[in-house]
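Number of protein chains: 2
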Amino acid sequence: MTTTQERSANNGVNTEALLAARSALADAPEGAQFTWRAVNEWVVGTHSESTVEEYFGLGENQTHKSTFKFSADHPEVFAAEDNGATPVEFVLVGLASCLTAGVAAVAQNRGIQLRSVKATIEGDMDILGILGGDPEVRNGFNNIRVNYEIDADATEQEIDALVAQSQKRSAVFDIITNPTNVTVSVN
Amino acid sequence: MTTTQERSANNGVNTEALLAARSALADAPEGAQFTWRAVNEWVVGTHSESTVEEYFGLGENQTHKSTFKFSADHPEVFAAEDNGATPVEFVLVGLASCLTAGVAAVAQNRGIQLRSVKATIEGDMDILGILGGDPEVRNGFNNIRVNYEIDADATEQEIDALVAQSQKRSAVFDIITNPTNVTVSVN
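Chains as they are written, first to last, in my numbering: chain A, 1 to 187; chain B, 1 to 187.
In case anyone wonders, no lab produced these hints; they're calculated from the structure.
One should not assume that every hint holds.
Straight-line distance between alpha carbons at most 25 Å, and here's what the computed DSS-like set of lysine-lysine pairs gives [to be verified]:
id : chain 1 : residue 1 : chain 2 : residue 2
1  : B       : K65       : A       : K69
2  : A       : K69       : B       : K69
3  : A       : K118      : B       : K65
4  : A       : K65       : B       : K118
5  : B       : K118      : B       : K168
6  : A       : K65       : B       : K69
7  : A       : K118      : B       : K118
8  : B       : K69       : A       : K118
9  : A       : K168      : A       : K118
Using the sequences provided together with the hints, build the complete structure.
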C-alpha cells in the first residue's frame, strides 16, 4: 500500500477526460444540460416494458451503444405474475449503481486501486401505503440502507472517505434524499 | 363505451386479491412491513452489475420467480464504456413502470378496459452538479416529465382521473417527490 501522492491505480475510469469535461463545460454550460429518457409500454396486468436508448447532452441527441430493455412487474405476493423486478427495486438498482460508479471514479482520482466493491441495498416499506390501507403511511420507502464491502489498496479511513465523496457527487442519492418535481400529463 | 357502474374490464390485475390483502393487512399490519433488496457488484470503471432476487414481506423472506440482473454504466460522453443504462435512467424506468402498473390496477378497479398505455419519461439534469463544476447546481434531476398516451374504453376525464389516482398511490412517485432517508455504511 502506498500513501504518497504518487500512487497510481487503474480502475478503468478515465478521470483525465472527466476533469477536462468539467473545465470545458464550465466555460460552455449549455453543453452540460442533459435530458435522460425512457419509454414505458404496458404489457398486461402490472407488467410493463421500458426501453432506454436515447438521451440529450452536449447540445445534441445521443444514442446509447445498445438499446436497454427492462421488464417490470409486481411480485406474486401482490397477486401479480412477477415477470420483472418491482418498480421500487429499479430505484434501489439505480442508487447502488450510482454510488458504486462514484466509488470507482473517486478511487481513480485519488490513486486508490480497487480490487472488489460490493453493495447490499435494502429499502423498508409499509405496503399499507400503496394499498391505500392507512392514510398515515407513506407510499415510498421509510428508510434505505446501503452497506459497502470494499477491498482496495487503501486504509479503512480512505475507504470511508471514498464512499462519503461518492454520496456527495451522486445523482441518484440526491434524487432520493431530496424532493424532485415530477409533472405527469396525458396526451 | 359504457359509463355505468356495471362496466367490466379485464386488464389482468387481480383487484379482488389486492382489496382482500388490504383488509387482511390492516388487521395484521406486521405482514405489511416489506424490505426490498438488491446486491450490486463493481465490474470495472463505472460498470456494475446488480442482482434482484429476494425480498422480505408477509412476515418472511420471499424469492422472485426469476433472478433479475441489471448492468449499469456511464455513457460514452462521460468517457465510459456504456455497458448498461445510466443509474439515473434506472430511476426513470422505476417511476414509469410504477405509474403504469398503477394505471392498470386503478383501471381494473374502475371497470375501465385498457387497450394500450405508453409513457414517455424525461429527466433534466445539469451535469455540472455531478462533475463538481458548480456548487450551486444539484446532482439530481431538476425536473421530471411523464407523458401518457392511453387508449381505453373511457372518457378523457376518466383517463385523466386514472393517471391522477395512480400518482397518488405510487411508491416511486413518492420516493422521488419527497425526501427519503438513506444511510450508507462500510463494513
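Given the hinted pair A:K118 and B:K65, is their alpha-carbon gap at most 25 Å? Between A:K118 and B:K65 the Cα gap is close to 24 Å, so the pair holds against 25 Å.
Worksheet item: CA of A:K65 to CA of B:K118, is that 25 Å or under?
Response: Holds, at about 24 Å.
For B:K69 and A:K118, compute the direct alpha-carbon distance and say whether it is at most 25 Å.
Given that 25 Å is the threshold and the Cα spacing comes to 15 Å, the pair holds.
### Task
Starting from A:K65, check that the Cα of B:K69 is at most 25 Å away, please.
holds (19 Å)
message = Does B:K69 sit within 25 Å of A:K69, going by the straight-line distance between their CA atoms?
response = This hinted pair holds, its Cα atoms lying about 12 Å apart.
Hinted pair, alpha-carbon criterion (25 Å max): A:K168, A:K118. Please report holds or violated.
Since the Cα atoms of A:K168 and A:K118 sit roughly 19 Å apart, the hinted pair holds (cutoff 25 Å).
Quickly compare the C-alpha distance for B:K118 and B:K168 to 25 Å and report which way the hint goes. holds (19 Å)
query = Within 25 Å, alpha carbon to alpha carbon, are A:K118 and B:K118?
reply = violated (35 Å)
Mind checking the alpha carbons of B:K65 and A:K69 for me, to see if they're no more than 25 Å apart?
holds (19 Å)
Going through the hint list in order, the structure does not satisfy hint 7, though it satisfies all others.
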